[in-house]
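Visitor: Listed here are the chains, written in short residue letters.
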Amino acid sequence: MDIATLIGLVGAFALVITTIFMGGNAAGFIDIPSVVVVIGGTFAVTFIMFPMGVVINAFKVGMKTLLFKSSDPQDIIRLITSLSDTARKESLVALEKVNIDDPFLKKGVMLVVDGSSEGLVRSVMEIELEFMKQRHRQGQAVFKGMGTMAPAFGMIGTLIGLVNMLSNLSDPSSIGPAMAVALLTTFYGAIMANVMFLPMATKLEERSAEDVLFMQIMIEGVSSLQRGDHPSVVKEKLQAFLSPALREAT
Amino acid sequence: MDIATLIGLVGAFALVITTIFMGGNAAGFIDIPSVVVVIGGTFAVTFIMFPMGVVINAFKVGMKTLLFKSSDPQDIIRLITSLSDTARKESLVALEKVNIDDPFLKKGVMLVVDGSSEGLVRSVMEIELEFMKQRHRQGQAVFKGMGTMAPAFGMIGTLIGLVNMLSNLSDPSSIGPAMAVALLTTFYGAIMANVMFLPMATKLEERSAEDVLFMQIMIEGVSSLQRGDHPSVVKEKLQAFLSPALREAT
Amino acid sequence: MDIATLIGLVGAFALVITTIFMGGNAAGFIDIPSVVVVIGGTFAVTFIMFPMGVVINAFKVGMKTLLFKSSDPQDIIRLITSLSDTARKESLVALEKVNIDDPFLKKGVMLVVDGSSEGLVRSVMEIELEFMKQRHRQGQAVFKGMGTMAPAFGMIGTLIGLVNMLSNLSDPSSIGPAMAVALLTTFYGAIMANVMFLPMATKLEERSAEDVLFMQIMIEGVSSLQRGDHPSVVKEKLQAFLSPALREAT
Amino acid sequence: MDIATLIGLVGAFALVITTIFMGGNAAGFIDIPSVVVVIGGTFAVTFIMFPMGVVINAFKVGMKTLLFKSSDPQDIIRLITSLSDTARKESLVALEKVNIDDPFLKKGVMLVVDGSSEGLVRSVMEIELEFMKQRHRQGQAVFKGMGTMAPAFGMIGTLIGLVNMLSNLSDPSSIGPAMAVALLTTFYGAIMANVMFLPMATKLEERSAEDVLFMQIMIEGVSSLQRGDHPSVVKEKLQAFLSPALREAT
Amino acid sequence: MDIATLIGLVGAFALVITTIFMGGNAAGFIDIPSVVVVIGGTFAVTFIMFPMGVVINAFKVGMKTLLFKSSDPQDIIRLITSLSDTARKESLVALEKVNIDDPFLKKGVMLVVDGSSEGLVRSVMEIELEFMKQRHRQGQAVFKGMGTMAPAFGMIGTLIGLVNMLSNLSDPSSIGPAMAVALLTTFYGAIMANVMFLPMATKLEERSAEDVLFMQIMIEGVSSLQRGDHPSVVKEKLQAFLSPALREAT
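Residue numbers (UniProt numbering), protein chains in the order written: chain A, 1 to 250; chain B, 1 to 250; chain C, 1 to 250; chain D, 1 to 250; chain E, 1 to 250.
One should not assume that every hint holds.
The list treats identical chains as one, so a pair stands whether inside a single copy or across any two.
[As the list claims (entries may be wrong)] Once the Cα atoms are required to be at most 20 Å apart in a straight line, the calculated SDA-like pairs of lysine to any residue come out as: (1) 133 with 144; (2) 133 with 122; (3) 133 with 246; (4) 133 with 216; (5) 133 with 243; (6) 106 with 94; (7) 144 with 51; (8) 144 with 209; (9) 107 with 245.
Derived by calculation from the structure, the hints in this document are not laboratory data.
Use the sequences and the hints to build the structure in full.
Guide: Have a look at this one:
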């Protein structure tokens with residue numbers, strides 16, 4: 001599990017709640033109608049922005065991705081190097097019997113085993129990479145959209161509160177509390193955007209960049225397999241994708 | 001019909017109106033001159049920004065797109081695979097008699113049947129795709145432009161209200177209500193931008209991305225047809241455009 | 001003439017002025033020094049941002065473009081198709097005698113008639129297109145720059161008014177009117193940016209996209225001429241640039 | 001000298017200062033500590049943002065560029081056309097004796113005279129163009145960075161002033177003047193950003209675009225020289241870079 | 001060491017602290033709970049945005065980069081020119097014994113010595129460059145993300161303070177100090193973003209651009225080595241990467 005996300009969420013909420021309690025007026029920060037208009041409004045607008053399937057998918061993928069622990073790129077490089085070793089010592093066809101967990105790498109290797117042309121293998125793999133990137137971008141767009149709309153609905157709520165308060169200034173002692181309540185929607189919108197939706201969109205972006213890196217290593221690796229490169233050349237080439245700190249001695 | 005858009009619009013307005021009624025002063029939220037200056041100003045400026053035909057077209061396309069239910073990409077892949085099957089078993093010319101609903105796919109297939117070179121077919125289809133993208137972007141630009149101008153006119157209305165109020169502070173009891181009215185244009189602008197124009201622009205963007213995906217599948221499929229790829233290769237290649245969840249077993 | 005621009009400008013100003021008059025204090029919205037600092041400041045800064053020739057040119061081109069009625073792309077396609085017909089029936093040299101109004105198309109055809117290589121014709125036409133785009137972008141940049149600077153000078157004027165007012169709070173009855181005057185520069189800046197400069201920049205962008213489309217049709221058409229494509233192929237190809245609604249039956 | 005920059009700077013400052021004097025409280029707009037914190041803070045942060053050499057260079061290049069009067073592109077085209085004439089009538093080697101002021105053009109011509117391959121000449125010239133663009137972008141980044149940081153430090157100064165004022169509300173008569181002083185840093189930051197740094201960044205961008213245009217004309221021209229194009233073809237091709245208004249009859 | 005960063009940081013903080021002390025109420029600017037919520041919240045959200053390893057790495061690389069003194073590009077050009085000299089006079093294999101400090105250049109030269117094809121050498125070096133750029137962008141993203149989140153948490157803290165203050169207006173004398181404290185989180189957020197995170201992100205960007213420049217010189221140089229270009233051609237070509245001021249006479 002990706003503990004960073006959990007630590008961050010728990011930490012941020014703990015800090016905000018502690019700060020609220022230190023003010024000695026914690027009950028003043030809960031106003032159910034304000035909660036409903038900001039959360040409800042944000043979700044309603046999200047359904048105008050995105051087809052229903054896309055929103056549901058973004059949340060499903062989002063949850064999985066936020067809790068997902070990324071694997072080690074060296075494992076992939078080691079696997080491809082060993083595949084290239086097998087292909088050299090035995091034959092490309094021998095790769096058919098090797099057990100490959102990753103479906104993307106497996107598909108590429110199977111295309112090679114089937115004797116597809118280098119152009120076809122690369123083009124199928126690159127199309128898949130390209131459209132995976134587009135689907136990831138769509139998921140991030142849902143979270144970013146919610147991160148824009150939450151403060152907007154916070155502001156709309158505050159405007160409603162202010163108009164109500166200003167139309168009825170007869171009792172001066174009610175001005176302060178009325179304005180406090182009006183500000184709550186802005187506060188909720190800011191929390192939702194800055195503690196949840198926007199940081200989550202960033203993490204999805206980071207995870208997507210990692211997936212893309214892994215798939216680019218696999219595309220380059222399958223190309224090398226097909227060209228029959230020497231395993232040490234394969235390893236050398238694939239190491240170039242990694243930061244020097246993550247590389248293994250060749 | 002695309003229910004998400006409808007649910008979102010109804011939900012967002014219901015929430016805002018409920019919140020207003022809970023304040024017990026719903027009548028205070030209606031001010032006809034404020035409505036006129038924000039809506040009228042936004043539309044007037046839209047006609048400065050875009051040629052008249054473009055605005056009318058954006059609304060026509062917009063309505064159709066917002067209510068439109070996207071089709072299943074598997075249907076397209078199945079159709080192209082069966083075309084490739086027909087072309088292999090009979091001949092490319094046999095495709096002429098197949099009934100193809102989509103005008104873009106039909107045009108591509110007809111070019112192939114006419115014996116046009118692969119370069120010409122691809123270039124005609126890609127030009128059409130490229131300029132469809134540009135027309136879609138233009139439609140989105142109209143909605144985004146209105147989403148920028150509505151809050152701007154909201155602010156202009158509020159400034160007019162504030163200047164009027166400040167020039168005439170003699171009666172203190174009128175300050176509150178005058179300021180409440182001044183804030184209404186900002187409120188209307190925020191609602192128009194964040195509940196209508198901006199989320200609609202996002203949905204148009206999503207729908208356009210879907211159309212582009214379908215057309216890219218068709219271009220790749222027609223190329224495969226023309227090269228005489230085996231139907232199973234065609235299917236394999238076109239599946240790569242889809243998310244693993246949407247793919248069919250080969 | 002492009003009536004949309006005119007309708008928009010007249011409509012937006014009429015709405016703002018009506019709203020001001022309804023407040024019953026129209027005189028309070030005119031303050032000559034405020035007008036001078038916002039308009040003057042915006043223009044002064046524009047001369048820091050752009051060379052003098054560029055500003056003057058942007059205004060000249062701007063006026064022409066805002067009032068310009070775009071022509072029908074079908075006319076261009078019809079002309080090129082008929083040229084291709086002439087070239088086939090007679091010869092490329094016969095094109096020399098055809099009357100072509102558009103200087104860009106004429107230049108391309110003349111290069112073809114002179115027997116220049118296909119590479120040279122395309123490269124000369126594409127260089128011209130590319131640098132026309134750059135000059136258009138420059139013109140838009142002038143209007144966008146003014147649309148950014150007008151509100152900035154509005155805010156600077158308001159800050160000056162606020163500092164003056166705050167330094168001298170002895171007479172409470174003068175606070176309101178002084179603040180009203182201070183807000184006027186913000187109001188002028190918002191009007192200038194949102195009713196004039198920014199929407200005009202958008203329309204210039206739209207018009208430029210149209211010019212680019214026409215020139216791309218011409219480049220593709222001249223290429224087809226030179227390759228001796230059949231007139232029906234030329235028409236088919238050039239129709240792909242247009243939206244289905246604008247196409248003619250082939 | 002580029003008079004537009006000068007006119008703009010003098011005009012903008014004259015307008016702001018006149019407006020201040022009309023308020024009758026010009027002395028209230030000068031507060032040395034506020035000046036120091038905004039200017040000093042902006043420069044300090046600039047040194048965190050950019051290596052020292054880059055900042056100094058940006059100012060040196062900036063001053064030169066702001067005062068620089070751009071040359072006529074027709075002079076360059078005329079020079080290259082005459083070089084191509086010489087090369088045709090005499091020989092490429094004869095170009096060695098021609099006096100060329102521009103170091104970039106001279107280098108390109110010298111490479112041609114030395115008999116370098118067309119690929120090498122183009123690649124050396126394009127590398128130089130590409131990295132000149134990068135250095136120019138860096139210079140603009142310095143000015144844009146200062147244009148972002150000046151208002152930020154203005155706001156920081158205002159926050160310090162507000163906290164000081166609010167902690168000590170005992171004397172109501174001091175509130176106004178204290179707040180006036182607090183606003184001064186925001187005012188200084190807005191002036192520095194909008195009258196100096198941001199417009200200067202835009203002018204550097206414009207000048208850079210001009211330099212790039214000239215260098216692209218030179219690269220295309222040297223290529224034509226090397227291929228032995230006819231002088232009239234060279235001229236025709238290079239004119240395509242210019243706006244129709246700037247072109248000479250061929 | 002890079003003194004500019006140090007001078008900037010010390011200078012900016014000195015200016016802010018001096019300004020605070022001049023207000024005579026320095027103690028009023030320290031509020032531990034406000035410090036905790038802004039710094040803590042920013043870091044907590046950073047862990048939601050980025051995987052833990054990425055944050056730690058960004059800080060490690062950040063510290064190294066901020067204190068790093070960039071080397072002289074002429075040294076690299078001189079080294080590559082001398083390598084090309086050795087390769088010409090002796091042989092490519094003789095390069096194996098030359099001592100090369102930079103691991104990237106060393107790897108490229110070793111690939112050449114091993115007799116790898118030009119395509120392979122270039123592709124390995126370019127993959128390494130591309131993914132180094134991506135890692136650098138990730139590091140900058142961490143700092144930029146913190147620079148966005150610090151003011152957001154400043155605003156959240158201020159909203160909490162305002163709601164607390166407004167709910168309890170009974171004692172008018174407490175309003176000022178309560179609001180002063182509420183503004184402190186906005187002040188801390190502005191300082192953190194504008195004095196630390198955002199300028200540091202810019203410097204990382206600048207340093208990365210320098211590293212990229214050096215690596216591009218090395219890639220071009222290794223290519224020249226492999227093609228056996230004459231040392232003077234190598235030098236000529238590599239000088240084109242530098243600004244004229246930094247070039248050496250050839």
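Visitor: Look at each hint and say if it fits the structure.
Guide: Okay, the hints, checked on the actual structure:
Proximity of residue 133 and residue 144 under a CA criterion of 20 Å is satisfied intra-copy only: 16 Å inside one chain copy versus 23 Å between copies. In this homomeric assembly, residue 133 and residue 122 come within 20 Å of each other (Cα to Cα) only inside a single copy, at 16 Å, whereas the closest approach across copies is 24 Å. Within a single copy, residue 133 and residue 246 get their C-alpha atoms only as close as 24 Å, which misses the 20 Å cut-off; across copies the closest is 16 Å, which meets it. In the homo-oligomer, the alpha carbons of residue 133 and residue 216 lie at most 20 Å apart both inside one protomer (12 Å) and across protomers (15 Å), since each shortest distance falls under that limit.
In this assembly of identical chains, the alpha carbons of residue 133 and residue 243 lie at most 20 Å apart only when taken from different copies (10 Å versus 22 Å within one copy). Taking the shortest Cα distances, residue 106 and residue 94 sit within 20 Å of each other inside one copy (13 Å), while across copies they are farther apart (36 Å). Taking identical chains as interchangeable, the C-alpha atoms of residue 144 and residue 51 lie at most 20 Å apart whether they share a chain (15 Å) or sit on different chains (18 Å). Taking identical chains as interchangeable, the C-alpha atoms of residue 144 and residue 209 lie at most 20 Å apart whether they share a chain (17 Å) or sit on different chains (17 Å).
In this homomeric assembly, residue 107 and residue 245 come within 20 Å of each other (Cα to Cα) only across copies, at 15 Å, whereas the closest approach inside a single copy is 30 Å.
This entry satisfies every hint, going by the numbered hints stated previously.
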